[in-house]
Amino acid sequence: MSEAGVVILGNGHAGVSVAEQLRRKKYQSAVTLIGAEAGLPYQRPPLSKQYLKGEWDEARLLQRNAEFYRNNDIRLIAADPVISIDPSAHRLELKSGATLPWDKLVLATGSRLQKLEIPGADAEGVVYLQNREQAEALKSAMRSARRAVVIGGGYIGLEGAAALALAGLDVTLVNRSSELLARSASLPVAHWTQRRHENQGVAFRLGEQVAEIRTADNRVSGVRLANGEVLETDLVLVGIGVKPDTDLAESIGLACADGVLVDQQGVTSHPDILAAGDCTRFNHPLCGEAIHLESIQNAVEQGKRVAATLMGEEGIYDAVPWFWSDQYEAKLQIAGIAQGHDLEVIRGDEHAERFSVFCYAQRRLVAVESINAPADHMLARQLLKAGASPLPDDATNPEFNLRSALPS
Amino acid sequence: MVNLIFVEPSGAEREVAAPEGWSLMEAAFQNGVDGIEAECGGSCTCATCHVYIDEKFIDRLEPMGSNEDEMLDCAAAERRDNSRLSCQIEIKAEFEGMVIQTPDTQI
Ligand SMILES: Cc1cc2nc3c(=O)[nH]c(=O)nc-3n(C[C@H](O)[C@H](O)[C@H](O)COP(=O)(O)OP(=O)(O)OC[C@H]3O[C@@H](n4cnc5c(N)ncnc54)[C@H](O)[C@@H]3O)c2cc1C
Numbered sequence: 001m002s003e004a005g006v007v008i009l010g011n012g013h014a015g016v017s018v019a020e021q022l023r024r025k026k027y028q029s030a031v032t033l034i035g036a037e038a039g040l041p042y043q044r045p046p047l048s049k050q051y052l053k054g055e056w057d058e059a060r061l062l063q064r065n066a067e068f069y070r071n072n073d074i075r076l077i078a079a080d081p082v083i084s085i086d087p088s089a090h091r092l093e094l095k096s097g098a099t100l101p102w103d104k105l106v107l108a109t110g111s112r113l114q115k116l117e118i119p120g121a122d123a124e125g126v127v128y129l130q131n132r133e134q135a136e137a138l139k140s141a142m143r144s145a146r147r148a149v150v151i152g153g154g155y156i157g158l159e160g161a162a163a164l165a166l167a168g169l170d171v172t173l174v175n176r177s178s179e180l181l182a183r184s185a186s187l188p189v190a191h192w193t194q195r196r197h198e199n200q201g202v203a204f205r206l207g208e209q210v211a212e213i214r215t216a217d218n219r220v221s222g223v224r225l226a227n228g229e230v231l232e233t234d235l236v237l238v239g240i241g242v243k244p245d246t247d248l249a250e251s252i253g254l255a256c257a258d259g260v261l262v263d264q265q266g267v268t269s270h271p272d273i274l275a276a277g278d279c280t281r282f283n284h285p286l287c288g289e290a291i292h293l294e295s296i297q298n299a300v301e302q303g304k305r306v307a308a309t310l311m312g313e314e315g316i317y318d319a320v321p322w323f324w325s326d327q328y329e330a331k332l333q334i335a336g337i338a339q340g341h342d343l344e345v346i347r348g349d350e351h352a353e354r355f356s357v358f359c360y361a362q363r364r365l366v367a368v369e370s371i372n373a374p375a376d377h378m379l380a381r382q383l384l385k386a387g388a389s390p391l392p393d394d395a396t397n398p399e400f401n402l403r404s405a406l407p408s
Numbered sequence: 001m002v003n004l005i006f007v008e009p010s011g012a013e014r015e016v017a018a019p020e021g022w023s024l025m026e027a028a029f030q031n032g033v034d035g036i037e038a039e040c041g042g043s044c045t046c047a048t049c050h051v052y053i054d055e056k057f058i059d060r061l062e063p064m065g066s067n068e069d070e071m072l073d074c075a076a077a078e079r080r081d082n083s084r085l086s087c088q089i090e091i092k093a094e095f096e097g098m099v100i101q102t103p104d105t106q107i
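First to last, the protein sequences are chains G and Y. Quick note on numbering: the first sequence equals residues 1 to 408 in UniProt numbering. Quick note on numbering: the second sequence equals residues 1 to 107 in UniProt numbering.
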C-alpha cells in the first residue's frame, strides 16, 4: 500500500471512530481525518443537553484531546471541506484548492439539516441546532429572549424545549404530526414525554403546521400557524429533521437511496470507498428492509466495522442499535428497531416514573423503549443480541426476571 | 489538574491529567484510554465505562445512585465490590495518584 493510506471524509462520531480503530488495530499507513468545521472533532449530543444548559464548556465537548491525535499519528484537516472526489485517480479536492490522494476513502459526512421553507424563515432569531456554532447562537439568543417557539417534536426539538423551559422561557412547541416523536417512539413513550414537558410549563400545538415567521426589522416577532393562530415570540428553534448527506457520493455515481448504500462490511458500490454513520443505509439482521439510523451507537459501531473491513477482518455489522435521549432528569432509552412491529406490551406503569414498552413483530421481540428503567434497557440489548424473545405475558409480569429469557 | 493512572485491558498504564469537576470517564475518553467505551457520553445509560477503583480510594467516592447500581448489574464484565461507572464519578483534587483498572470487556 502507498503512503496515501486511508482518508476519512467527515470528522464527526463515525469519522473519529474509524480513525481511532485503525490505530488500535495497528494500521501501518497514513490516516487523515477531514472536517468542514474549525477546531478539533467534538461530541454532538451535549449540544442540546449539557452544553446548551451551560453546564459544559468547549473543552469538555471535545471527542478526544489534541494529544490523542498527535500520539496516534492521525492527521487532522479542519475548516477545509472536500468539494470533489475523483474515484478513478483516487484523489479528492479540498475547498482550499489542495488535492489529496487516497488508497481507501471513508465517507462519514453525517446528516444535512432540513431547512424551514416558509416566508420569514431566514429572519434573525430563527435558529437550528446541529453544530457547535448553532448551539452557541442559540445559547446567546436564549439569554435575551423571554418566549420561544420550537418547531418540530422530535428528539432535538424536545431536548431544546427542555433547555429553554429550564432557562425560564415561555415555550410553545408546534408539531405537524398529532403525536410527538412520531417516527421514533411508541405512543406510551410519546405521551409520557408530552406530560413531562407539560409539567414543566411547555405548551403544545400538535397536528399544526407553521405558515409564516412574522418579523419586525427582520427579527422574529411571531409564528403564524396554518389555522390562523399567531404565537408571539422572540426566538424560533427549528428541529424538523435531517437527511443523510449524500451529495458527494451521488456526484461520483455511488449507489444511494436516501443514504449511501453500504453492504454489511460497510463498503459502498465502489470497492475502495466505504461509509459509516448517519450518511448510510444498510441491511441489518434485525430488520427486513434496509435501514438508516441517526445515533451515536451506529456512528461509532459502524465506524468500527469499517475499520475492521479495512484491516481485512471478516464479519458483518450486526450490533444491536440503541439510542438515548435526556428529557429533563428522565432517561429515555431505546434498544432495537421498532419499524413495523405489530404488538406493544408494557412492563411497569406507563403513568408512573418508570416503565418499558416491549415491541414485537410476529411474536419476535424487535425493540424495547424504556423510561427511567436502565436495567430493562441493558437486558433488552442482551436479549436482542441473543435473538431471544420473552413471551409478552412474561415481559409484562414484574415478577418475571428478564434475565431468565436469555439463553444460558 | 489531577493526575490519574488508568490500567488498560492489556495491562499498560496510562497517566492522564484531568481537570477537577470532569468525570473519570471523560478523562479517559478524551485521552483515548483503551477499555472505556463510554458510548452514551456520560448519561449513565450504557454501562460501557465500567471500572474497578483503587481500594485505597473507594471510600472517598460519593456513594452510587440507584441508576448506577442497576446498570452495574448489567455490565459486561464481572461486578466486584470496587466496581463503579466512571461517568458517575466527579474528579476531585484528593484523587491525585488514583489507579483505575479497566475491565477486559465493556460490551
Ligand atoms: C443536537 C444533537 C443532539 C443529539 N443527541 C443524540 C443523543 O442523545 N443520542 C444519540 O444517539 N444521538 C444523538 N444525536 C445524533 C448523533 O449526534 C448523530 O447520529 C451522529 O453525530 C452521527 O455521526 P456521523 O459521524 O455520522 O455524523 P456527524 O457527527 O454529523 O459528522 C459528520 C461530519 O462530517 C462533516 N462533513 C460533511 N461533509 C463534509 C465535506 N464535504 N468535507 C468535510 N467534512 C464534511 C460535517 O461537517 C460533520 O462534522 C444528536 C444530534 C444532534 C445534532
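One thing to keep in mind: the hints can contain errors.
As the list claims (entries may be wrong) - Computed list of lysine-lysine pairs in DSSO-like fashion (alpha-carbon distance at most 27 Å, straight line):
(1) G:LYS53 to Y:LYS92
(2) G:LYS26 to G:LYS139
(3) Y:LYS56 to G:LYS49
(4) G:LYS115 to G:LYS385
(5) Y:LYS92 to Y:LYS56
(6) G:LYS95 to G:LYS53
Unchecked claim - Chain G regions said to be covered by chain Y (calculated; three or more residues, Cβ under 8 Å):
(7) 216 to 230
(8) 325 to 338
No lab work stands behind these hints: they were computed from the structure. Note that the Cβ used here is the ideal one computed from N, Cα and C, for glycine as well.
Do the hints match the structure? See the list:
| no. | hint | result |
| --- | --- | --- |
| 1 | G:LYS53 to Y:LYS92 | 23 Å, holds |
| 2 | G:LYS26 to G:LYS139 | 41 Å, violated |
| 3 | Y:LYS56 to G:LYS49 | 34 Å, violated |
| 4 | G:LYS115 to G:LYS385 | 37 Å, violated |
| 5 | Y:LYS92 to Y:LYS56 | 15 Å, holds |
| 6 | G:LYS95 to G:LYS53 | 34 Å, violated |
| 7 | 216 to 230 | violated (count 0) |
| 8 | 325 to 338 | holds (count 3) |
Hints 2, 3, 4, 6 and 7 from the earlier list are contradicted by this structure; the remaining hints agree with it.
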